[in-house]
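S.K.: Those sequence lines, one after another, are chains L and H. Just so it is clear: in the first sequence, position 110 is 110 by full-length UniProt numbering, and no numbers are missing. Just so it is clear: in the second sequence, position 277 is 277 by full-length UniProt numbering, and no numbers are missing.
Check the hints yourself; a few may be wrong.
[To be verified] Partial pick of chain L residues on the chain H-facing surface, computed with a CB cut under 8 Å:
(1) D31
(2) V38
(3) A299
(4) P307
(5) L320
[To be verified] Taking lysine to aspartate or glutamate and the EDC-like style, the derived pairs with C-alpha atoms no more than 20 Å apart in a straight line are:
(6) L/K327 - H/D292
(7) H/K39 - H/E253
(8) H/K276 - H/E253
(9) H/K309 - H/E163
(10) H/K17 - H/D318
(11) H/K263 - L/D255
(12) H/K265 - L/D319
(13) H/K324 - L/D319
(14) H/K276 - H/E31
(15) L/K327 - L/E242
(16) H/K276 - H/D318
(17) H/K309 - H/D87
(18) L/K327 - H/D87
(19) L/K211 - L/D178
(20) H/K265 - L/E242
(21) L/K193 - L/D209
(22) L/K211 - L/E242
(23) H/K263 - L/D39
(24) H/K324 - H/E312
(25) L/K211 - L/D257
(26) L/K215 - L/D338
[Claimed, not checked] Output of the computed footprint for chain L on chain H, the stretches with three or more beta carbons under 8 Å from beta carbons of chain L:
(27) 153-161
(28) 227-240
(29) 301-313
Source of the hints: derived by calculation from the structure; they are not laboratory data. Just so you know, even glycine gets a beta-carbon here, dropped at the ideal spot from N, CA and C.
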Amino acid sequence: MTKKLTFSKAINEAITLAMNKDNDVILIGEDVAGGAEVDHLQDQEAWGGVMGVTQGIVEKFGRNRVIDTPIAEAGYIGASVTAAATGLRPIAELMFNDFIGSCLDEVMNQGAKLRYMFGGKARVPLTIRTMHGAGYRAAAQHSQSLYALFTHIPGLKVVVPSTPYDAKGLLLSSIFDDDPVIFFEDKTLYTMKGEVDEGFYTIPIGKADIKRKGKDLTIVAIGKQVHTALKAANQLSKKGYEAEIVDPRSLSPLDEDTILDSVAKTGRLIIVDEAYPRCNVATDISAMVVDKGFDYLDAPIKMITAPHSPVPFSPSLEDLYLPNPEKIMAAFAEMIGDNSIASK
Amino acid sequence: MGTSKSILASLTSEKAKWMYRKMVEIREFEEMVHDIFAKGELPGFVHLYAGEEAVAVGVCAHLTDQDSITSTHRGHGHCIAKGCDLDGMMAEIYGKSTGLCKGKGGSMHIADIEKGMLGANGIVGGGFPLAVGAGLTAKVKKTDHVAVCFFGDGANNHGTFHEGINMAAIWNLPVIFVAENNGYGEASTFEYASSCTNIADRAAGYNIPGEIVDGKDLLAVYEAAERAVKRARNGEGPTLIECKTYRDYGHFEGDAQTYKNDKEKVEQRDHNDCIKRFKDYALANNLATKEDLDAIEDSVKKAIEHSVKFGEESPLPDASELTKDVYVSYE
């Protein structure tokens, strides 16, 4: 049985299912309920998170398991690391991934390294949910996509879902994973609706999904850029080219085989990553394909990314900043030497 | 209202009128932003300062363009009190090329270095070390400039609060930390999120003076800030001033504010308004006539209307701006 849910509700449902299944699962973060100790609210929330993603959860599970924190990211992210190591299974919400600036040590030097430094004697079953993505007119400190930063660090898993179905199944896998997982939620996807299975299900972390089959071109796209790629693929199809779209879904671990198999079939690769262009996931995948699949390639790999600049506030500049179907079309046109594609 | 005679003696009519004008500018600006945001004409997030005007104005009344301030995501009031151009601010909020930051920063990042306004800030707690840095410059270069860090009660639990104030104290820097305790950090109450009864109590931990004032009383803020700025300019080090205040709007525009109770909202807006309180005081003490204040109100209304027209009609940034100003040395 399936039903239509928004991306936001799919995440809410996953958290609810996890908290029902296991009393060790807690939800902690800034105003994840909101209005703690306000007389007229009791176990009702004020917000259910700044974007309302966790609405209704405190009513079901109470404030002992749904914990509002002070605005103190180093404090509560750090505490979540050892809460995880000492018997809980926390879901910590870092409101915007940009705020990692305030708690990078707790993630990078503590959470990611405990197990290794302790000779395998610790487990850190922590999930950090965090918002990312440009397009919301939220300016330079609330719009970044910083998943490459975490992908770089050994000991962390990194998940970036693109649909409600994937978000629910991957979040459940993340919560019940015994390693720390950084779970990225694109704020512009929250209202997107999609088919989601009823009840509890998981999607394995580290398994890519082919969102569209095709024989002429492989597009690896991350997060909401999967939808940009799908739009481009539809337009390319009208021109007689079928693009295959690979959604890695998790960046660490990365499903190299699915990407390589697709490139082996198509001979061409475009990677769409809205993050900054240097040392990002696109460059990482590109290097991997050159290393392991050079003979499959009929053309140089193209990467569609943001420019090397902070995210601008002005809508006119932010629209230029992001990848779009036209940029993908133009890259493909260049790749095969057919300008009629780019000009539509 | 706890206003001492000595203040009346030192407060000129000219200063009183300037402060009234600045408070009304902030209020009218914020009411206008509230209205145009509600119509869907503004992109992004906005956080309004209405209700807290006495804090920004009472403090900035003692500052020059050479003094620095750091601000918060709720920064419009600090910008106006520090002398930022209204047209440039409104255009910035519209994301236009004529904005103070060429449309690249937006509401949460309005800045004007020439006015000593080191930026609104999207990061809670971001301002403490930044104000300390400006104070360090003043000390190393032996100027008499001061730096003011405006911050909300939500930020007083952030690590940067403690690191910043401690450094300002050990280096005896000319920094004034001004807490705007409006009772709520986002949707959480101050009482829930903070272990202290007053933010000013925390000053004792750093061996600096901590003072609590009624943040709705412009003159109480003015007086406390005067002492703190004087201490800083004289090389006597930092001060923490906690202003007890209230924000009339939500954390951000669109916030349903279910964590507030209706009684306090009405009480604060209708019976404890900082602008009304100062207006009554100024009239009663002959600092201004009713005609003076009416004229200020009229003039401000026109200025705000002008800023909106300017913001609306200004062009969007050129595409070439996208990657400009990332570095000084190359584009």
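S.K.: With reference to the structure, classify each hint as holding or not holding.
M.R.: Here's how the hints hold up against the structure:
no., hint, in the structure
1, D31, "holds, 4 Å"
2, V38, "holds, 5 Å"
3, A299, "violated, 26 Å"
4, P307, "holds, 5 Å"
5, L320, "holds, 5 Å"
6, L/K327 - H/D292, "violated, 59 Å"
7, H/K39 - H/E253, "holds, 12 Å"
8, H/K276 - H/E253, "violated, 24 Å"
9, H/K309 - H/E163, "violated, 43 Å"
10, H/K17 - H/D318, "violated, 40 Å"
11, H/K263 - L/D255, "violated, 57 Å"
12, H/K265 - L/D319, "violated, 39 Å"
13, H/K324 - L/D319, "holds, 16 Å"
14, H/K276 - H/E31, "holds, 16 Å"
15, L/K327 - L/E242, "holds, 17 Å"
16, H/K276 - H/D318, "violated, 43 Å"
17, H/K309 - H/D87, "holds, 9 Å"
18, L/K327 - H/D87, "violated, 36 Å"
19, L/K211 - L/D178, "violated, 28 Å"
20, H/K265 - L/E242, "violated, 59 Å"
21, L/K193 - L/D209, "holds, 18 Å"
22, L/K211 - L/E242, "holds, 13 Å"
23, H/K263 - L/D39, "holds, 13 Å"
24, H/K324 - H/E312, "violated, 23 Å"
25, L/K211 - L/D257, "holds, 16 Å"
26, L/K215 - L/D338, "holds, 17 Å"
27, 153-161, "holds (count 6)"
28, 227-240, "violated (count 0)"
29, 301-313, "violated (count 0)"
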